[in-house]
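J.: Listed below, chain by chain, are the residues.
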Amino acid sequence: MSAEPDGIEPPHPPSSSRTHLVRRWQAAAAVVVVAAAVTATVLAAGSGGGSPRTDAKATAPADGLRHTAVEVSTGTCGRGWSRPQAGTQVFDLHNTSGTASEVDLTDPRTGRIFGEVEGLAPGTTRPMTVDLGSGSYAFKCLQDDTDAVTGPTVVVAGRQPQGPAAAPVNQHDLIPPTLAYQKWVGQRIGELAAGTGTLKADIDRGDLAAARRDWLPAHLVYERMGAAYDTFGDADAAINGTVARTPGAVDDPDFAGFHRIEYGLWHGESAASLRAPAAALDSAVRTLRDGWSEARMDPAAMGLRAHEIIENAEQFELTARTDYGSGTNLATARANVDGTRAILGQLRSLLVPRDAGLAKLDAALDRTQAALDAQQHGGTWTPVDRLTHAQRQQINADFGDLLEQLAPVAAIFEVRRTA
Amino acid sequence: MTDNPHSDLHRRGFLRGAALGVGAVGAVAGGATVLAGSAATAATPSATSPAAPARRKAGFHGVHQAGIVEDVQLSTAFLSLDVTAADRRELTELLHTVTERARFLTSGGTPAALGITDSPSDSGTLGPQVPGDGLTVTAGVGASLFDGRFGLADRKPLRLTRMPAFDDDDLDEAWCHGDLSLQLSAPHADTVLHALRDIARNTRGGMQVRWRMDGFTSPPRPSGTPRNHLGFKDGTANPEVADPAVADHLVWVGAGAEPAWTAGGSYQVVRLIRMLVEFWDRVSITEQERMLGRTRDTGAPLDGSHEFDTPKFSQDPAGDVIPLDSHIRLANPRTAKTENSRLLRRGYNYDRGMDSNGNLDMGLVFVCYQQDLERQFAAVQQRLAGEPMVDYISPFGGGYFYALPGVRDRTDWLGRALLA
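The listed protein sequences derive, respectively, from chains A and B. Mapping to the working numbering: the first sequence position 245 is 245, numbers consecutive. Mapping to the working numbering: the second sequence position 346 is 1346, numbers consecutive.
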C-alpha cells in the first residue's frame, strides 16, 4: 500500500532503517575478501620508534580537551601519536592518502575497539573523541580493496581504568546465528500457516465467533518473527499491512492480511465479505512458507532488528496505531518481546563479551514481559486505552528502559571489518 | 573513566547506567568549590530591585537547590513525574542518577565517549560541548511519594499534602499532583530541552512524566518586572530574598517541628492557571486596573507613580483608590499580621496552542516557594477567594511539592537526607 497515490504507508518496517541497512550491508560486502592484517612494529610510549616524527602538538581548542593530530594512510597509519596520556581526548584524524579510509583505535592484543571513524575522505580531517585508560593502543586504517594496516602500538602507562570498548563483530561471526534464526523462522512460518488455515476455515464456514477466537493466536505467531520482515519483502504488507488514518482508508482494496480481517471481524462485517481476505492471507503465508528455504536473511540486520522490534512495538502498539478493533496491542507487544528474545538468544554468545549492560537488558526484558503479562486475564488482553494511569506509566517506563538497553545491541552488531 | 562514587549502584541497577561526561575544567572546579548557601547569595543584587536586573547565578552545589531564590530565567520546563521505580533501592538509584545528570548538565563539559559500545551518550543539540549555560535543575517531592511504596510514610514534611481544590479552581486530574517535581530553567529553550531529553533518557525505567508545562519569561516592557499575558507586570512585590534573613524567614525550612531531613528545603507550589485572554481583552482598562490594583502601563499601584512605589492601604481604608477586593490588596495587605504570609513567586508564562472553542490556550505557570504552606500560600489563596479577577482565569492543574535540600558537594545527592 506504500505505492498508493494518496501516500498510504504501512507503519513498518521503517524505511529509514532499510536505507541504513543497505549502507551497512555494502560496507560489509566490501570486506568479504579477507586477507591477513599487516602488523606493524611496537612503538613504546614516547620513544618515537622507527616511524618518522610528526609533531603532534596539542593545540588549545575550545573544547578544553587534549587534541592529537594523527595521520591516516596505509604507510603512516597512526603517525603523530607520540605522547600517550590517559583520559578523554580527541584525535584529529587526517587522511593523507588518496583513498577513503575507515579508522579504528584498537587494543592490538585483544582487538577491542575504543573509537572509530568511517569513510574518512582523502585530504580531510575528522575528530575521534575517546576515553582512554592505561593499556596498549594502535590505530588501524582500513581502505577499500586493501588489507587493514595497524599502526605502531602506543602504551598509556599508569593504572587508569579503561573507557568503553568492544570487540568488533564481523560478517563471519554473524553467519551461524543468522542461519539458526532463519531456521527458527521457518518453523514459525509453518506454525503460522496452520493458524491462517484455521482462520480461513472458520470464516469459510461462517463461524465468526471462532474466527475472532483464532485470529489472535495466528497473528501473534507472525508478531514473534520481527527480525525477518525485511526478508519477507512484499509478503509483509500482504500478511500484516495497515492503512492510513484518512477516512475511508480501510476500504482500500489493497488493505490485506491480519488487520484487514481484524477490521471486519470487529466491525460487524459478514463472513462472505471476509472470505477473500482470509483466503488471500492464507495463500500469502503458504507462498512464504514454500519459498522460505530459498530465502537468505541479511546477517547485518540481526543487531538492528533486535533493537527495532521494540521500537516498533512502542511506536505502533503502545499507541494502538495498529488496532483495527480487537484491542490486542498489548498481546502483540508481548509477542514482540518474545521475538526480541528469539533473536537475542541467537546473538547471545557474541553479546556476552561485548555488552557490559547485558544483565540490565535481561532484567528489562523480564520486567517488560511481566508488566504486559499482568494485562492478560483468561486470554483477554486489556486494550491500551483501558489501562489505568499507573499501569500505563509502568508499561511506558519498562519499554523506555528496555529500549535504552537495546540501543547498545544495535551499535555493537554493526558489521565491521576486522582485517 | 570519570570517577563515579555510585558505580556499584549502577552495576546492580535498572536504569540506563548514566554515562558521566567530562566536566569542563573550569566548570568542575567551580562546582566543587561553590558551596552556595544563603550567605553566598546575599551579596548579589535583588531580583526585585528596580535598578538591578543583573542575574544571580547559582552553582549546582549548595545548602539550597538552585532555581529557587535566583531570578526567573527566560525559558523553563516544569515537570511532574510518577515514580515507577519498584522500591526504595531503585528510588535511591533514580535520585542518584538525576543528581549526576543535573550536575553534569548544569556544569557543562564533554559528553562521555562511548566508542562503538552504544549510541552517542548525548543528543548533540547543544553541539559537541555541553555549555552549562546557566541551567538550573530544581527537584521536589510530592505527598504521594510518602505513601507505602518506599517506606517513607514517617518522613513526610509536616505541611505536605495533596494540593486541595480551592474555591475558584477547576482542576483536571491529569494536570495535578505527582510523586516528584522537576523544573529545568535556562536562558535558552534549547538548553532546557537538551536537559529534559538527557534526564529522561537516563531515568526512563524509574520515572515517567505525569504532566509537563513549558514556560517563558518576557523581557521587561519597557522596564522593570516582566509582564504576564494579562499585560500587567507580575511579581513586582516579591520579598527581598537576596537578604538571607528574609529568605530564612519566608522561604527556607529550618529547625522546628519539621523532620530533620527537610532543613534547607522549601515548600513549592505550582499552579497551572489558564488566562482567558480574549475575554480579558474585552474588559475596559479601568476595570482591569481596579481588579489588579495597579496601573497597566507602569505597574505602579493605583495610589502611586512608579512600579516599586509601596501602596498605602492604610490611607485608603474604604478602597476608594485601590479597591478592597483588588488583587494586590488581598494578596499582600501589607499589615504586620500578614507580613509572614508573603511568599516568593517564580512564575512563568505559558502558551500551548488553541482551545476547542478557538481561543488561545495560554496562561501562567505560577510557581511559589515558602517556609509554611498553610501560613503562606494557603492563607493568601483564602484571602483571594472570589476576587473579581477569577472570572478571567481558571486554575486547572498543579500540585504541592517539597523542594529538596541542596546537594552540598560531589559526594552528595538529591534526597540523601530523606533516604539515607
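The set of hints was computed from the structure by calculation and includes no laboratory data. Glycine included, each C-beta is placed from N, C-alpha and C at the ideal position. Certain hints may be false.
[To be verified] Here are some, though not all, of the chain B residues that point toward chain A, as calculated from beta-carbon distances under 8 Å:
no., residue
1, Thr1110
2, Asp1118
3, Thr1125
4, Pro1128
5, Pro1131
6, Leu1171
7, Arg1201
8, Arg1204
9, Asn1357
10, Ala1417
11, Leu1419
J.: Using Cβ atoms only, decide whether Pro1128(B) comes closer than 8 Å to chain A, and label the hint accordingly.
T.: holds, 6 Å
J.: Taking the least C-beta to C-beta distance, is Pro1131(B) closer than 8 Å to chain A?
T.: With a closest approach of 11 Å, the Pro1131(B) hint is violated.
J.: Please check whether Leu1171(B) passes as an interface residue: C-beta within 8 Å of a C-beta belonging to chain A.
T.: Status violated, d = 15 Å.
J.: How about Arg1204(B): closest beta carbon in chain A under 8 Å, or not?
T.: Cβ of Arg1204(B) sits 3 Å from chain A, so the hint holds.
J.: Under 8 Å is the threshold here; is the Cβ of Ala1417(B) close enough to any Cβ of chain A for the hint to stand?
T.: violated, 26 Å
J.: Taking the closest Cβ pair, is Leu1419(B) under 8 Å from chain A?
T.: With a minimum Cβ separation of about 20 Å from chain A (threshold 8 Å), the hint on Leu1419(B) is violated.
J.: Any CB of chain A closer than 8 Å to the CB of Thr1110(B)?
T.: Holds: closest Cβ of chain A sits about 6 Å from Thr1110(B), inside 8 Å.
J.: Verify the interface restraint on Asp1118(B): the C-beta must sit less than 8 Å from at least one C-beta of chain A.
T.: holds, 4 Å
J.: Double-check Arg1201(B) for me: the hint is only fine if its C-beta lies closer than 8 Å to a C-beta in chain A.
T.: It holds, given that the least Cβ distance between Arg1201(B) and chain A is near 7 Å, below 8 Å.
J.: A closest beta-carbon separation below 8 Å is what the hint needs, so does Thr1125(B) meet it against chain A?
T.: Nearest chain A Cβ about 16 Å off; hint violated.
J.: Just to be careful: measuring from the Cβ of Asn1357(B) to every Cβ in chain A, is the smallest value less than 8 Å?
T.: violated, 24 Å
Comparing the model with each earlier hint shows violations of hints 3, 5, 6, 9, 10 and 11; every other hint is respected.
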